[in-house]
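So the chains spell out like this:
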Amino acid sequence: MIQVEHLVRRYGERTVVADVSMDMARGSMTAIVGTSGSGKSTLLRMINRLVEPSAGRILIDGRDTAAEPPHLLRRRIGYVIQGHGLFPHRTVAQNIATVPRLLGWAPERIETRVRELLTVFQLDPAQYGAAYPHQLSGGQQQRVGVARALAAEPAVLLMDEPFGALDPIIRAKAQEDLLAIQRRFGTTVVLVTHDIDEAFRLGSRVAVMSEGRLLQYDTPAMLLTHPADPFVARMTGVSDRALKLLSLTRVGELRLFPVEAATAGAAEPRIDASLSLREALAELLWQGTGHGIVCDATGRPLGRISVADIAAHGRGP
Amino acid sequence: MSTTAAVRVFLRRLPVDPLGTLLCAVGALALICLPFLVFKANRIVPGDPVDLAQVLAPAPLAAAALVLAAAGLCAVFAAGARLRLLAGLAGIVVIALVAAAGADVLTPAGNRVVRVAPGAGFWIALIAMALLATDAVTRMRPRPVVRVLALAVTVLVVLAVLAHGTFDQLSLMREYAAHADRFASELRRHLWLALGSLTAAVLVGLPVGVLCHRVPRLRSAVLSVLNLIQTIPAIALFSMLMAPLALLAAAVPLAARLGVRGIGAAPAAVALFLYALLPVVGNTVAGLRRVSPAAVEAARGMGMTAGQVLMSVELPLALPVILTGVRVALVQNIGLVTIAALIGGGGLGSFVFQGIGQTAIDLVLLGAIPIVALAFAAALLLDALIETLRRGAAP
Ligand SMILES: Nc1ncnc2c1ncn2[C@@H]1O[C@H](COP(=O)(O)OP(=O)(O)O)[C@@H](O)[C@H]1O
Ligand SMILES: [Mg+2]
Numbered sequence: 001m002i003q004v005e006h007l008v009r010r011y012g013e014r015t016v017v018a019d020v021s022m023d024m025a026r027g028s029m030t031a032i033v034g035t036s037g038s039g040k041s042t043l044l045r046m047i048n049r050l051v052e053p054s055a056g057r058i059l060i061d062g063r064d065t066a067a068e069p070p071h072l073l074r075r076r077i078g079y080v081i082q083g084h085g086l087f088p089h090r091t092v093a094q095n096i097a098t099v100p101r102l103l104g105w106a107p108e109r110i111e112t113r114v115r116e117l118l119t120v121f122q123l124d125p126a127q128y129g130a131a132y133p134h135q136l137s138g139g140q141q142q143r144v145g146v147a148r149a150l151a152a153e154p155a156v157l158l159m160d161e162p163f164g165a166l167d168p169i170i171r172a173k174a175q176e177d178l179l180a181i182q183r184r185f186g187t188t189v190v191l192v193t194h195d196i197d198e199a200f201r202l203g204s205r206v207a208v209m210s211e212g213r214l215l216q217y218d219t220p221a222m223l224l225t226h227p228a229d230p231f232v233a234r235m236t237g238v239s240d241r242a243l244k245l246l247s248l249t250r251v252g253e254l255r256l257f258p259v260e261a262a263t264a265g266a267a268e269p270r271i272d273a274s275l276s277l278r279e280a281l282a283e284l285l286w287q288g289t290g291h292g293i294v295c296d297a298t299g300r301p302l303g304r305i306s307v308a309d310i311a312a313h314g315r316g317p
Numbered sequence: 001m002s003t004t005a006a007v008r009v010f011l012r013r014l015p016v017d018p019l020g021t022l023l024c025a026v027g028a029l030a031l032i033c034l035p036f037l038v039f040k041a042n043r044i045v046p047g048d049p050v051d052l053a054q055v056l057a058p059a060p061l062a063a064a065a066l067v068l069a070a071a072g073l074c075a076v077f078a079a080g081a082r083l084r085l086l087a088g089l090a091g092i093v094v095i096a097l098v099a100a101a102g103a104d105v106l107t108p109a110g111n112r113v114v115r116v117a118p119g120a121g122f123w124i125a126l127i128a129m130a131l132l133a134t135d136a137v138t139r140m141r142p143r144p145v146v147r148v149l150a151l152a153v154t155v156l157v158v159l160a161v162l163a164h165g166t167f168d169q170l171s172l173m174r175e176y177a178a179h180a181d182r183f184a185s186e187l188r189r190h191l192w193l194a195l196g197s198l199t200a201a202v203l204v205g206l207p208v209g210v211l212c213h214r215v216p217r218l219r220s221a222v223l224s225v226l227n228l229i230q231t232i233p234a235i236a237l238f239s240m241l242m243a244p245l246a247l248l249a250a251a252v253p254l255a256a257r258l259g260v261r262g263i264g265a266a267p268a269a270v271a272l273f274l275y276a277l278l279p280v281v282g283n284t285v286a287g288l289r290r291v292s293p294a295a296v297e298a299a300r301g302m303g304m305t306a307g308q309v310l311m312s313v314e315l316p317l318a319l320p321v322i323l324t325g326v327r328v329a330l331v332q333n334i335g336l337v338t339i340a341a342l343i344g345g346g347g348l349g350s351f352v353f354q355g356i357g358q359t360a361i362d363l364v365l366l367g368a369i370p371i372v373a374l375a376f377a378a379a380l381l382l383d384a385l386i387e388t389l390r391r392g393a394a395p
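Those protein sequence lines, which keep their order, are chains Y and W.
With this note's numbering as the guide, the letters of the first sequence map in order to residues 1 to 317.
With this note's numbering as the guide, the letters of the second sequence map in order to residues 1 to 395.
So that you can see chain Y by itself, here it is in the shape it has in the complex (with noise of 0.2 Å):
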């Protein structure tokens, strides 16, 4: 979907983007990670030619960047910034607008649309569409800044550092929710962040940058288990690097030892099978058991699972 090649950016005499290459898949969401100043924003700005590279070139779809004007190449591609950047000027329905308007979309048409994002980012259309931003929670016009990138339903959406302002709680939520966007709209996402853990949480294969330079692009897993570079294992995290393995894989992906009902005693602890290993490992220290019955959405058990299973999962190669 995106293949970037041989990407370079100079600033001067100071390279800033030293010759990246690297692809994303269709419908994959890529997280960009890496210290301040390591090249991240201007990596993804170039994506979108608020940056021109210095050298290589960017295709998307088969297709240069290079060969359209960038407004154009701009109003095909969602850009989502920290801070929304929205237009204090503007209702939050004229500012999801803004690209259909720059399309020339009918205005039924831009209508239909805006209700129907406002109302998949759980702002009810009555209530905030008239409403200016400065009106709406921090959580709330970050959401009109994502539902606003995703007005023209672009393929390619870019995100920078996008939760970076929000507390942690509501920082979770956000999360959750683009994940659900995305397959939703099966949209093709790069986010840069700084955090190692929104990173592996969101990003389907994380690239970890330093310097300018990429070292690593993989997946959470081999990025944890195989760390191409001593930066790269220390930008994941030593000391806890079994647990952030745990992360990855939610109990119901594991093999579980059938239960037989009259066995699963009411002192055993339930647990959810959308938690992770790491969420499921910390239930059964804390209610001190060792094992707990897993259980679907509706309480239906599917097995007993034990810390030594867990454990298991955190092992190193």
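Derived by calculation from the structure, the hints in this document are not laboratory data.
C-beta atoms are modelled at their ideal positions from N, C-alpha and C, and glycine is treated no differently.
Treat each hint with caution, since some may be false.
Unchecked claim - For each label pair, taking beta carbons as the anchor points, the in silico distance ranges come out as:
# : chain 1 : residue 1 : chain 2 : residue 2 : range
1 : Y       : D124      : W       : T305      : 30 to 36 Å
2 : W       : L151      : Y       : R14       : 56 to 62 Å
3 : W       : T305      : Y       : E211      : 30 to 36 Å
4 : Y       : E108      : W       : V158      : 49 to 55 Å
5 : Y       : R57       : W       : R390      : 43 to 49 Å
6 : Y       : P107      : W       : I235      : 54 to 60 Å
7 : Y       : K173      : W       : P293      : 26 to 32 Å
8 : W       : T305      : Y       : D195      : 30 to 36 Å
9 : Y       : R57       : W       : G196      : 51 to 57 Å
Claimed, not checked - Residues of chain Y clear of chain W, computed beta-carbon distances all greater than 12 Å:
#  : residue
10 : M22
11 : S36
12 : L59
13 : D61
14 : Q122
15 : Q140
16 : A180
17 : R201
18 : M222
19 : H226
20 : L243
21 : L254
22 : V259
23 : P269
24 : G288
25 : T298
Go by the hints and put chain W with the ligands onto chain Y.
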């Protein structure tokens, strides 16, 4: 508790309005100690104070004193803004009517030489009442529309009363009658110079401001030049422009035919234009800098062209600040046009300087009062516009 603390507590509990008390004291002192009306044998001699008790019947005079005393009490004690406004307006009406009545009695029928002029007591008391009224209006925090309507009503009432002839025997209106033929044209010229140079400054200053915002190196250069111009005294700038414009008129016949001359309105218009540039350019730059960088980044990132970003994001968001600059420039221009009269530029300033030359203070006021009123009205109108814009969107 110490005595001073006790006094302070007592004063805080006493429902006394500090500003109202000051206005009341100053107004009362002025009415008692300073002449209310002055009788002059002709328009240029200093004249003698008039004893109102010998001029007006006791009953109306007592009634007027009573109303003024009541207004004074309201100024000191009343808490309600409406009541204070009423008191101020009543005070203004009574002071004006007493002066008009005194002038009517004192002026011999058909005499066009004798002048009955308002004295210092009249002016100070009138200003105190006007301040009481405007302070009351400010406390009522009226919406911009209401403020504009109030201004319109005030202007209409004042014009109607003047047209009715109530004050025709007062020296100021006698002076107006003597110059009625020129007054309208000088007023038009004054407005034309002030607004014309402002319009030119906006047409030039807005693009220059945008350019300065885009090119930081240009910004400091342009702003320091404009700052320098601002420090040149008006009369010096007028004189500096006379020679080049005279040369231009001599060299280019078309310029001369368009009215460009070394003396007259042309150097005045150019100088006013230059003075107005700083507030317009400065506030355009300041307004654009205040626009949230995130909004501009988002606008570009969504595919707006540079022109679209400017027209639909940057300028609308900077507009209140830009208009604040326009307001400063307009009020400043209305005042500065006065000096244009010195180099033959015309305007209401010609009454002021003619009056100074003739030591005819009434003629000075005939020019000065409308200038102050124009500046006040311009500031009020633009403030209302700016507040309406700010209310529309973000705080
Ligand atoms: N317009 C620019 N001019 C000069 N240097 C820049 C510019 N933009 C970014 N840089 C530099 O490039 C480096 C990488 O920036 P950026 O991509 O924003 O990093 P990140 O997003 O990873 O924090 C930084 O050191 C920054 O100072
Ligand atoms: Mg960044």
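Results of checking the hints against the structure:
no.: 1; hint: Y:D124 <-> W:T305: 30 to 36 Å; result: 34 Å, holds
no.: 2; hint: W:L151 <-> Y:R14: 56 to 62 Å; result: 59 Å, holds
no.: 3; hint: W:T305 <-> Y:E211: 30 to 36 Å; result: 34 Å, holds
no.: 4; hint: Y:E108 <-> W:V158: 49 to 55 Å; result: 53 Å, holds
no.: 5; hint: Y:R57 <-> W:R390: 43 to 49 Å; result: 46 Å, holds
no.: 6; hint: Y:P107 <-> W:I235: 54 to 60 Å; result: 58 Å, holds
no.: 7; hint: Y:K173 <-> W:P293: 26 to 32 Å; result: 27 Å, holds
no.: 8; hint: W:T305 <-> Y:D195: 30 to 36 Å; result: 34 Å, holds
no.: 9; hint: Y:R57 <-> W:G196: 51 to 57 Å; result: 55 Å, holds
no.: 10; hint: M22; result: 21 Å, holds
no.: 11; hint: S36; result: 18 Å, holds
no.: 12; hint: L59; result: 19 Å, holds
no.: 13; hint: D61; result: 17 Å, holds
no.: 14; hint: Q122; result: 22 Å, holds
no.: 15; hint: Q140; result: 15 Å, holds
no.: 16; hint: A180; result: 23 Å, holds
no.: 17; hint: R201; result: 24 Å, holds
no.: 18; hint: M222; result: 32 Å, holds
no.: 19; hint: H226; result: 35 Å, holds
no.: 20; hint: L243; result: 35 Å, holds
no.: 21; hint: L254; result: 42 Å, holds
no.: 22; hint: V259; result: 53 Å, holds
no.: 23; hint: P269; result: 46 Å, holds
no.: 24; hint: G288; result: 49 Å, holds
no.: 25; hint: T298; result: 43 Å, holds
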